[in-house]
Amino acid sequence: MCGIVGYIGKREAAPVLLNGLSRLEYRGYDSAGIVIQNGKGLVTRKVAGRVAGLQDLLASAPANGTSGIGHTRWATHGAPNQVNAHPHTDCTGRIALVHNGIIENADALRTHLERKGHTFRTDTDTEVVVHLIEDARADSLEARVAAALGLVVGAYAIAVMSADEPGRLVVARRGSPLLVGIGEDELLVGSDPSAVVDHTRRVVYLDDGDIGVLTPDSFHVMDHDARVLVRSIDHIDWSIEAIERGNHAHFMHKEIHEQPESLRNTMRGRLNTDDGDVRLDGLKLSAEACQQFQRVLILGCGTSWHAGMIGRQVIERITGLPVDVEYASEFRYQHQLDQHGTLAVAISQSGETADTLEAMRAARAAGAHVAGLVNVVGSTIAREADGGIYLHVGPEVGVASTKAFTSQIVALLVLGVYLGRRRGMPASEASALLRELETIPELVRETLTLEDSIVEIAADFADAQNALYLGRGVNFPVALEGALKLKEISYVHAEGLPAAEMKHGPIALIDENMPVVVVAPSDGVYEKVVSNIQEVKARGGRILVICSQGNGNLRSIVDHQLDVPRTTALLSPLLTVIPLQLLAYHVAGLRGCDVDRPRNLAKSVTVE
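Quick note on the numbering used here: the sequence shown kicks off at 892 and runs consecutively.
Any given hint could be a false lead.
Taking lysine-lysine and the DSS-like style, the derived pairs with C-alpha atoms no more than 25 Å apart in a straight line are [claimed, not checked]:
1) K1419 to K1394
2) K1394 to K1378
3) K931 to K901
4) K1145 to K1428
5) K1428 to K1394
6) K1378 to K1428
Simulated from the structure, these hints should not be mistaken for laboratory data.
Build the full structure now, drawing on both the sequences and the hints.
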């Protein structure tokens, strides 16, 4: 959601900023812009639309200088157009700012500033911040920024420049991620590591409340009272190739096919099949602490919530602990009960999802021990949690999550074994499950060979306006995830349901125009699901069923059948979801949709 990049050094800034913005395109955006300090003042270039349009504009109207800031905007306040695109400037045009987040008291601040004579040019909430900085009375840009932010309510990551203080860049964050990249004789700013990885692997992740001051040869962090703070330098451990498509048409396609390796990476160094145990040093939970938990609370949004739904069934079966799964966006506003004795697990690929972060904070305030399950090292959830599990799947660029979802399931299963073994789970039982888990990456690779068949099936779905996805037990969340993928990237309305719930209302929707996807692997409810398939068939629905190899031939009653490799029921979602990811991908392609950048969506949702 939005993207910030900044540069200060000896090189021309514009090419560096464009490179950073192109690396941030995956986050989702509707406009782009940069501002360059040219020694005399500030030169701004911005466009509605893609970074490629900004590049064309700079080719015809260059902006030269060795420091600057850039932005890709995802509209919250004001239409997506050139006027509302960032950067924004003050009344004099001498101060420029880019911003991610939402200023919740923007209307009141705007009224206050207009009464003082400030003139606003845009409909954005962001513009009030640059006018507050203009209005502040202080001796330095960083002091004016601190004073302005003291009046702001909301979430922000900002980068600010002033024509009156050349060679100086001020950044700050609260509730929205921001980092500083440390290069050779240059400094960079980014919303995430992908913005700076072409130039440096050494980064400093800013904490909430931090204000960073950058000059060509120095960098320091301070708080709002100008006290200097110490922040550690971290190292980005993935390659540039990881954020490039290679020979794949889209990042989503690449990431679907990366899942055998991403799953191995999530397991690597953690499974001890001989002893029937797992190693989770980052969780920072003793055996005594595990024994004292009375329940588990899983918090997530979207795909992460679906992974949590699968995790609930896995952890309950392994540990005997009751598990609740809550939408993070709802949990933080509920009446908070006492959470002492609770392990709260916050799931977020980016580690920056605003709703999940705030839900985790609410759980902690109510007495829970909080653990983060994230992919991005150094993210806010990772830093604030009491402990956690990194997914280690590498960058996930496609907006529709794929490889992070399957690795979240694995991480939750490994967490379940960790808790279970410390609460009396027999080693032999754990060992058998872990040995089965070790086979999953190869079974996923085998499942991916179904793609040619899925391409053909997608042609039968591409004209649909609605679809139903049905599953039971541990595969009901897979139905939810499959429906979400279709919605996200092909814009086909889809609904996921427990298969038995179909007859309690939604069956009225079924006719010959309604595709119905049924997830029916080999498990304890297979025969029940077959009965649900018969109900759909009787009403003329077009049926695709995902089965396990050897658990029955349903081709006489369905239109399409795909057989995934057989595995234990608890692990089956890791295989049954793969055809649904590929189906959504190919339906979207046939409908001419922008798979990696679906409309209205953002990769990292850092606002409520």
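Hint-by-hint comparison with the structure:
1. Between the alpha carbons of K1419 and K1394 the distance comes to roughly 13 Å, so the proposed pair stays at or under 25 Å and holds.
2. Distance restraint check for K1394 and K1378: the Cα-Cα separation of roughly 23 Å lies within the 25 Å cut-off, and the hinted pair is therefore satisfied.
3. Taking the CA atoms of K931 and K901, the gap is near 17 Å; set against the 25 Å cutoff, the hint holds.
4. Distance check on the hinted pair: K1145 and K1428 sit about 35 Å apart at the alpha-carbon level, beyond 25 Å; violated.
5. For a cut-off of 25 Å, the pair hint linking K1428 to K1394 stands: about 13 Å separates their Cα positions.
6. For the given pair, K1378 sits about 24 Å from K1428 by alpha-carbon distance, which is consistent with the 25 Å threshold.
Violated hint: 4 only; the structure is consistent with all others.
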